[in-house]
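Visitor: Throw the hints in and build the complete structure from the sequences for me.
These are the residues of each chain, in order.
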Amino acid sequence: MATMYGQQESIYNLIPQEEVKQEKQARYTSKFRGNVKVEEKTKKTSSKTMGPAKVELKKPEEFHKKHSKEPQLPPKTKFSYPDEETKRPAVPKRDEKPLMGLKSNKNFVNTNAVENIMSVPKKPAANFVDTVNGATHPLTPSGLMPKYVKKKGYGEVPTYLQQRNEEVQRAQEEYDEYIKEHYRRGAMKCLTEEERKAIMDGLKKNWEEIHHQYQGLSVVTDTAPKKARKERMEAEMKQLERDIELLEKHKVIYISNH
Amino acid sequence: MGDQQRKAVNGGEENNSDDIDRLELMSTIGFNGSSQGSLSVHPDRNHIVYPLGNTVIVENLNSKKQDFLQGHTNTVTCVTISRSGRFIASGQQTHMGFKAMIIVWDYEKRSVHCKLDLHKVKVQDLAFSPNDLYLVSLGGQDDGAIVIWDVMKKEAVCGSEAAVKSAGTTYCVAAANQSDFLFFSGGERTLRVWDLDVENRKIRPTDVSLGQLKRIVKSIVVAPEDDYFYCATTTGDILRIIASTKMLSCYGPKKDLFGMGVTSLVLVKDGTFLLGTGDGTVAHAKFIDDKFKVIKKKKIDKAGHITSLTLRGQGHQFFVGTSNSHIYRFNFSEFTYEMIRTCHYEEVNDIAFPKGCSELFVTSSKNDIRVWETASCKELMRINVPNMECHAVCIMPDGKSIVSAWNDNKIRSFLPQSGKLLYEIADAHNKAVTALAVTSNNKRIISGGGEGQVRVWDIFPREQKLRQTLKEHKGVVAFVRVNHSDTECVSASTDGTCIIWDLHKFVRSQVVFANTLFRCVCYSAEQSQIITCGTDRKIAYWQAGDSSQIREVEGSKGGAINAMDMSSDGSNFVTGGDDALIKVWDYVNGVVTSIGVGHCSEIKRLRICPHQKYIISVSKDGAIFRWKYPSNCSL
Chain A
1 MATMYGQQES IYNLIPQEEV KQEKQARYTS KFRGNVKVEE KTKKTSSKTM GPAKVELKKP
61 EEFHKKHSKE PQLPPKTKFS YPDEETKRPA VPKRDEKPLM GLKSNKNFVN TNAVENIMSV
121 PKKPAANFVD TVNGATHPLT PSGLMPKYVK KKGYGEVPTY LQQRNEEVQR AQEEYDEYIK
181 EHYRRGAMKC LTEEERKAIM DGLKKNWEEI HHQYQGLSVV TDTAPKKARK ERMEAEMKQL
241 ERDIELLEKH KVIYISNH
Chain B
1 MGDQQRKAVN GGEENNSDDI DRLELMSTIG FNGSSQGSLS VHPDRNHIVY PLGNTVIVEN
61 LNSKKQDFLQ GHTNTVTCVT ISRSGRFIAS GQQTHMGFKA MIIVWDYEKR SVHCKLDLHK
121 VKVQDLAFSP NDLYLVSLGG QDDGAIVIWD VMKKEAVCGS EAAVKSAGTT YCVAAANQSD
181 FLFFSGGERT LRVWDLDVEN RKIRPTDVSL GQLKRIVKSI VVAPEDDYFY CATTTGDILR
241 IIASTKMLSC YGPKKDLFGM GVTSLVLVKD GTFLLGTGDG TVAHAKFIDD KFKVIKKKKI
301 DKAGHITSLT LRGQGHQFFV GTSNSHIYRF NFSEFTYEMI RTCHYEEVND IAFPKGCSEL
361 FVTSSKNDIR VWETASCKEL MRINVPNMEC HAVCIMPDGK SIVSAWNDNK IRSFLPQSGK
421 LLYEIADAHN KAVTALAVTS NNKRIISGGG EGQVRVWDIF PREQKLRQTL KEHKGVVAFV
481 RVNHSDTECV SASTDGTCII WDLHKFVRSQ VVFANTLFRC VCYSAEQSQI ITCGTDRKIA
541 YWQAGDSSQI REVEGSKGGA INAMDMSSDG SNFVTGGDDA LIKVWDYVNG VVTSIGVGHC
601 SEIKRLRICP HQKYIISVSK DGAIFRWKYP SNCSL
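These protein sequences, in sequence, are chains A and B.
Heads up, the final residue of the first sequence is numbered 258 in this note's numbering, and it's a clean run with no missing numbers.
Heads up, the final residue of the second sequence is numbered 635 in this note's numbering, and it's a clean run with no missing numbers.
Simulated from the structure, these hints should not be mistaken for lab results.
Just so you know, nobody snuck in bad clues.
Computed, partial: chain B to chain A, Cβ under 7 angstroms:
(1) P354
(2) G399
(3) L415
Computed Cβ-Cβ distance ranges for the label pairs, DEER-style:
(4) A:K24 <-> B:D408: 48 to 58 angstroms
(5) B:D569 <-> A:K24: 43 to 53 angstroms
(6) B:K254 <-> A:K24: 51 to 61 angstroms
(7) B:L466 <-> A:K24: 55 to 65 angstroms
(8) A:Q22 <-> B:D256: 47 to 57 angstroms
(9) B:I20 <-> A:Q25: 53 to 63 angstroms
(10) B:K109 <-> A:Q25: 50 to 60 angstroms
(11) A:Y28 <-> B:E24: 47 to 57 angstroms
The C-beta atom is built at its ideal place from N, Cα and C for all residues, glycine as well.
Guide: Given below as structure tokens:
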């Protein structure tokens with residue numbers, strides 16, 4: 001007994017073993033959880049602030065009738081087997097007697113001959129032969145005949161792609177428009193030709209007026225006011241000349257926003 | 001060894017220890033549970049304080065960090081904490097005719113606040129007054145005095161005989177909860193209330209009249225308002241005394257007294273109390289209208305006496321210390337307990353590691369053999385043999401049995417997992433089996449006895465045969481060691497000889513003589529040399545071939561070298577002895593490379609673990625220390 005124990009026991013078994021913890025799988029959570037949460041919340045308090053939805057009431061004559069909420073079933077049909085029409089007639093019964101003594105006057109020889117003469121010859125089946133022994137196979141499903149090439153609309157861009165391309169193009173155009181608009185809005189104002197001309201004419205007219213007055217000045221500038229007036233007019237005319245020159249020199253003129 | 005001598009040794013070591021590494025102490029297993037009230041919880045609720053040998057240990061309950069308060073020269077007998085938690089006072093015992101010291105420690109600094117030296121031989125009990133002003137100390141049987149100390153001035157206020165001449169020993173002292181000038185003492189046929197008169201430096205006793213009742217009081221606790229005090233008696237009942245009139249109010253239980261006396265008592269907030277008894281029962285009880293009623297009761301098996309009960313905080317949890325050095329943690333509301341610590345309560349005699357395994361070790365002591373897990377210091381298994389002392393323990397190299405040598409002349413072998421007895425060899429020696437070794441083929445035991453014989457036993461599955469008796473030694477065989485190849489063994493004896501025996505011819509091959517009591521012997525790594533140690537404090541190297549001495553070095557300045565072990569690579573060896581120091585030596589140069597300071601009493605045995613990671617050392621006070629093997633020594 002003791003030795004039996006001795007074979008089993010060992011001091012090395014007393015060494016505490018570290019317990020290996022089995023990794024648990026992550027707990028299952030439904031992928032609909034988020035939706036459910038949201039839905040529950042929205043449905044629960046749907047009529048909290050505004051009260052129940054205002055719905056038009058039914059007319060008195062459309063009162064709730066019996067069985068009206070039950071599902072409408074299709075009308076009953078008599079059962080028939082699907083092969084009833086193609087079925088051969090029933091075997092004659094025991095006591096049934098065939099019609100006897102019926103005789104046709106039809107000349108089968110003639111009619112057959114006439115039918116055959118009159119008949120349009122049968123078109124041979126489109127087959128292809130692949131071995132020397134002459135094994136034939138139908139040609140159509142074999143893929144040797146061009147089939148899809150002859151299909152209607154072959155090689156055309158499919159409509160859905162067309163639509164899409166159109167959409168893309170339209171979007172691109174809209175975008176370009178928008179960008180252009182944006183730049184235009186941000187850009188400086190450009191003087192048109194008419195405006196330029198108008199300004200130039202106005203300036204020239206002013207110059208002529210001042211020049212006319214200038215010519216009419218007295219020859220002797222003996223007093224201070226006279227001198228001041230002459231100098232002022234000279235300065236104004238110079239300024240106008242400079243402006244006219246500027247406008248004449250540049251065809252395109254932008255006006256700064258600031 | 002004398003206390004003075006020990007101090008000198010420690011001083012000497014400190015001077016030349018600058019270039020020597022300190023061994024890192026990894027953990028200790030030890031608790032001196034036999035003294036009354038030894039375990040206590042600090043008022044900060046996170047630390048427990050308990051004595052171990054001549055040390056007081058402050059341990060954090062959460063982090064398990066231990067602080068050692070060292071200063072006593074002999075076994076600490078009592079420890080008490082002041083109510084604020086600022087001071088810890090501990091008293092010791094000493095040899096007959098010497099004075100026993102009380103040390104008051106500063107808790108925060110973990111340092112000595114003052115040393116108080118007045119009592120003779122033993123300090124029995126200590127108590128702080130409620131505001132930490134005074135410390136009351138009670139001397140032991142040979143002293144019989146009560147002394148009041150001023151804690152701040154660090155001097156005695158006054159003293160008096162604890163009891164009248166006709167009374168017996170006084171066992172316990174307690175301070176009041178409100179007044180700093182009121183104390184209580186109790187013992188054999190004495191129960192006194194003391195009033196302190198500081199101006200006149202006097203304490204005045206008043207005897208409590210118990211009428212016809214004769215009791216021996218072991219513990220006193222005082223009610224929070226100082227109106228009553230409660231006495232635990234060896235009879236197994238509790239006395240309630242009115243403090244103002246010094247009259248017995250009531251006592252109980254009148255029937256079904258607690259077995260083996262009430263040994264410890266503590267009051268809970270709501271006026272009920274917890275008590276521990278000599279048979280290991282912990283009970284929650286109260287007095288209702290002068291009638292004693294037990295509310296809850298729980299008996300702990302094999303715990304010994306309950307020597308200390310201490311509440312953590314208000315008492316939702318409390319700790320129980322027992323004489324068998326167990327510490328239990330109780331849940332107050334559910335009254336359930338769990339053991340949080342256990343250790344040897346007698347001196348540990350031997351350590352053994354399984355072959356090639358550092359995770360476990362086995363220690364042997366009086367009454368039991370225990371298997372410990374090295375890293376966590378947890379007890380894994382215990383083999384009890386009541387009233388017997390195990391001198392030596394070995395584990396068979398295959399790990400299938402633990403062989404042990406006992407003082408009832410038997411060699412017992414146990415199964416290592418169930419702890420069942422596998423076989424025993426009765427009358428293996430005439431005067432106790434003192435040393436034991438096993439061979440590496442698991443088939444032979446070599447034992448040494450108190451009468452000086454070395455015997456070789458052949459072990460078979462169903463029988464154990466005495467192969468040979470080797471009669472050469474004249475004294476106790478202290479140690480036996482077998483060489484690696486099982487061809488010879490060496491035995492060390494207290495008659496001053498070490499003998500190398502041939503295990504084929506069973507004759508003496510070499511003998512070594514020295515004027516010492518040999519304690520331990522080791523083979524060198526090549527088995528060509530042996531090193532010995534003994535009470536002459538010398539470590540001697542000998543040639544195994546011709547028994548000539550190669551070298552002799554001084555192993556210790558203080559005391560005998562009791563234990564020695566060689567590292568498995570043979571480059572170092574470790575010694576330990578009565579000076580309570582662990583020394584790691586370089587084998588080739590014969591110099592100390594590291595020193596381990598921490599043991600509280602004489603080191604009895606030490607071992608290096610097979611993987612050279614730890615050094616395990618055991619001492620006379622039952623403590624087991626685990627040290628980190630110095631990294632500069634290992635490969």
